[in-house]
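Go ahead and model the full structure; you've got the sequences and the hints to work with.
In the order they appear, the protein sequences are chains A and B. Numbering-wise, the first sequence is residues 1 to 437 according to the working numbering. Numbering-wise, the second sequence is residues 438 to 555 according to the working numbering.
It should be emphasised that the hints constitute simulated quantities derived from the structure, not laboratory data. Quantities reported herein were computed from a predicted structural model and do not represent experimental measurements. If a hint is listed, it holds; no wrong ones were tucked in.
Distance ranges between label pairs, derived from CB positions:
| no. | chain 1 | residue 1 | chain 2 | residue 2 | range |
| --- | --- | --- | --- | --- | --- |
| 1 | A | 350 | B | 541 | 16 to 26 Å |
| 2 | B | 454 | A | 259 | 27 to 37 Å |
| 3 | A | 361 | B | 534 | 24 to 34 Å |
| 4 | B | 471 | A | 129 | 45 to 55 Å |
Don't be surprised by glycine CBs; every beta carbon is placed ideally from N, CA and C.
Here is how the chains run, residue by residue.
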Amino acid sequence: MRASPAAAAAPEVQAEARAAAVQRGLQVHAPLHRASALRAAQSLRAIVRTQAQRLLRPDRLFGRAFENIILTLIIVSVASVILEEVHGLPEWAKRALHIEEIVVVCVFSFEYLLRLVAAEKIKAFVFSFQGVVDLIAIAPFYLAGVDARAVRALRLLRLLRVLKLQTHILENTVAARTRELADKNAALEQAQAQLKAELDIARALQIAILPATFPVKPGCDGAARMIPATTMGGDFYDFIELPDGRIGLVMADVSGKGVPAAFFMAVARTNLRDLAPQYLEPGACLAQTNAMLCAQNPMELFVTVFYCVFDTSTGTLRYANGGHNPPYVRRADGSVEALTGAGGLALGVMPGVNYPDHTVQLLPGDRLVLYTDGVTEAFNSADEPYGVERLLAEVKAHGDGGATALIERICRSVTVFADAAPQSDDITLTVLTWGAP
Amino acid sequence: MKVKFETLDRTTLVVPEGRLDFGAAAEFQKQIERAIAGEGATPAVLIIDCAALDYVSSAGLRVFLLAARAAQRAGIGFALCALQPAVREIFDLSGFSRIMTVHPDRSSALAHTPPGPV
Numbered sequence: 001m002r003a004s005p006a007a008a009a010a011p012e013v014q015a016e017a018r019a020a021a022v023q024r025g026l027q028v029h030a031p032l033h034r035a036s037a038l039r040a041a042q043s044l045r046a047i048v049r050t051q052a053q054r055l056l057r058p059d060r061l062f063g064r065a066f067e068n069i070i071l072t073l074i075i076v077s078v079a080s081v082i083l084e085e086v087h088g089l090p091e092w093a094k095r096a097l098h099i100e101e102i103v104v105v106c107v108f109s110f111e112y113l114l115r116l117v118a119a120e121k122i123k124a125f126v127f128s129f130q131g132v133v134d135l136i137a138i139a140p141f142y143l144a145g146v147d148a149r150a151v152r153a154l155r156l157l158r159l160l161r162v163l164k165l166q167t168h169i170l171e172n173t174v175a176a177r178t179r180e181l182a183d184k185n186a187a188l189e190q191a192q193a194q195l196k197a198e199l200d201i202a203r204a205l206q207i208a209i210l211p212a213t214f215p216v217k218p219g220c221d222g223a224a225r226m227i228p229a230t231t232m233g234g235d236f237y238d239f240i241e242l243p244d245g246r247i248g249l250v251m252a253d254v255s256g257k258g259v260p261a262a263f264f265m266a267v268a269r270t271n272l273r274d275l276a277p278q279y280l281e282p283g284a285c286l287a288q289t290n291a292m293l294c295a296q297n298p299m300e301l302f303v304t305v306f307y308c309v310f311d312t313s314t315g316t317l318r319y320a321n322g323g324h325n326p327p328y329v330r331r332a333d334g335s336v337e338a339l340t341g342a343g344g345l346a347l348g349v350m351p352g353v354n355y356p357d358h359t360v361q362l363l364p365g366d367r368l369v370l371y372t373d374g375v376t377e378a379f380n381s382a383d384e385p386y387g388v389e390r391l392l393a394e395v396k397a398h399g400d401g402g403a404t405a406l407i408e409r410i411c412r413s414v415t416v417f418a419d420a421a422p423q424s425d426d427i428t429l430t431v432l433t434w435g436a437p
Numbered sequence: 438m439k440v441k442f443e444t445l446d447r448t449t450l451v452v453p454e455g456r457l458d459f460g461a462a463a464e465f466q467k468q469i470e471r472a473i474a475g476e477g478a479t480p481a482v483l484i485i486d487c488a489a490l491d492y493v494s495s496a497g498l499r500v501f502l503l504a505a506r507a508a509q510r511a512g513i514g515f516a517l518c519a520l521q522p523a524v525r526e527i528f529d530l531s532g533f534s535r536i537m538t539v540h541p542d543r544s545s546a547l548a549h550t551p552p553g554p555v
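Rendered as structure tokens:
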């Protein structure tokens, strides 16, 4: 359709169109040549520019020497401009000054050309402060012919070479500061990378000291999972095989985050693990651990600990609570109860705290769910917490399977809920399932 | 989190608003330290009014503990008041409500917090 108006047009119009086409045909070839010539010129200019930039680099021998020569010549030439004004100079001095002027202008012109070639944008350099000053420094010489002294105004204009001195000093200062800053930045980056590497190792160690598997006991299964927060946290869990055949289960959360919390976690976990075989009742074990922690707590941190001792042959669970979220027992019929027996203060706050012992009887098919507040206080992007209700719903709905399956269900539910919101706290869960002995 | 300060006679009221989590804890700790031993006259009583405090993490709890200790060292009367249910639960669970004086509202805190010997 596009071609039809041309086909229907008068013959003279068609002839004009042909002529135009022929012309276009010629033009098609011309730009091709021009384009390749332009490309060659551009690449040549790029090479020359790189060479010029290399010559001007102050961190290389030539650049530094050149810079010093220029500085010396500026001072000499300014001094000579002033000297010329002195009346009654001997003829030989005038001649010397004249030669000096030619040398200075030659070197300055060379410098100007070099900078022009080295500039990324020529126009920008010409109109920059330095570009203008450099031009003014040599322009009078060329404007007035070889003998600039003939024109008094132009001669005085040469005094503006003092400005050249300023641009050089300024440039050198800026370059030095930039170099200093770059060096400092590099050092900082290196230090940060090293710190990050060390923190990564610390975090890996922290996770590695947690038990990977539950002690093998007939009819009984346990699983645990910790999803560490972005900052190093202080959650921990533990399974301890006691000398009387029972198993100790620990769920704990150190206040705060970062390296101090991680250290305190390691100390708390070690103390509890060491004391558990000597103090078989959970309350006594927590009281002793608390005493130890209070004696070595310079940062005034504390840790909430739920500690229980489970008899895998009878299903009897003894527990004591040091300020931790009460765990849940999910019965085989799907009902859930919280272990809300009165507890004591979080550990590490003050010595001499009592932790009352409580007993709960597990029946075949029951599950024990221990968690830290990283689960219930996982926030979504709307700033709502995951909350106890959602956790209970998961426990009720999916508690029939194995320990690992339930943990996976809860973790997925929390992750889906939090969505893209950053995880601010460790998320830690332990599930114990008990069948018949 | 925002923190407001009010002064009534020789009582300093600290009013934190929002969520006191790990990120806010360090700054809140500094503000309380300044309220206890800052440039101004040392108060006789320090009350933290938690009516507008929506959430406290364990790092936040620690700041309350440090504040209570600092007040005790400085001989200043110290109490909390008007805890929201969610915050109250955290204080109860951790056992902190047993080692700190917690009043249901500001007026009872003002009426029943004995000034420390200054």
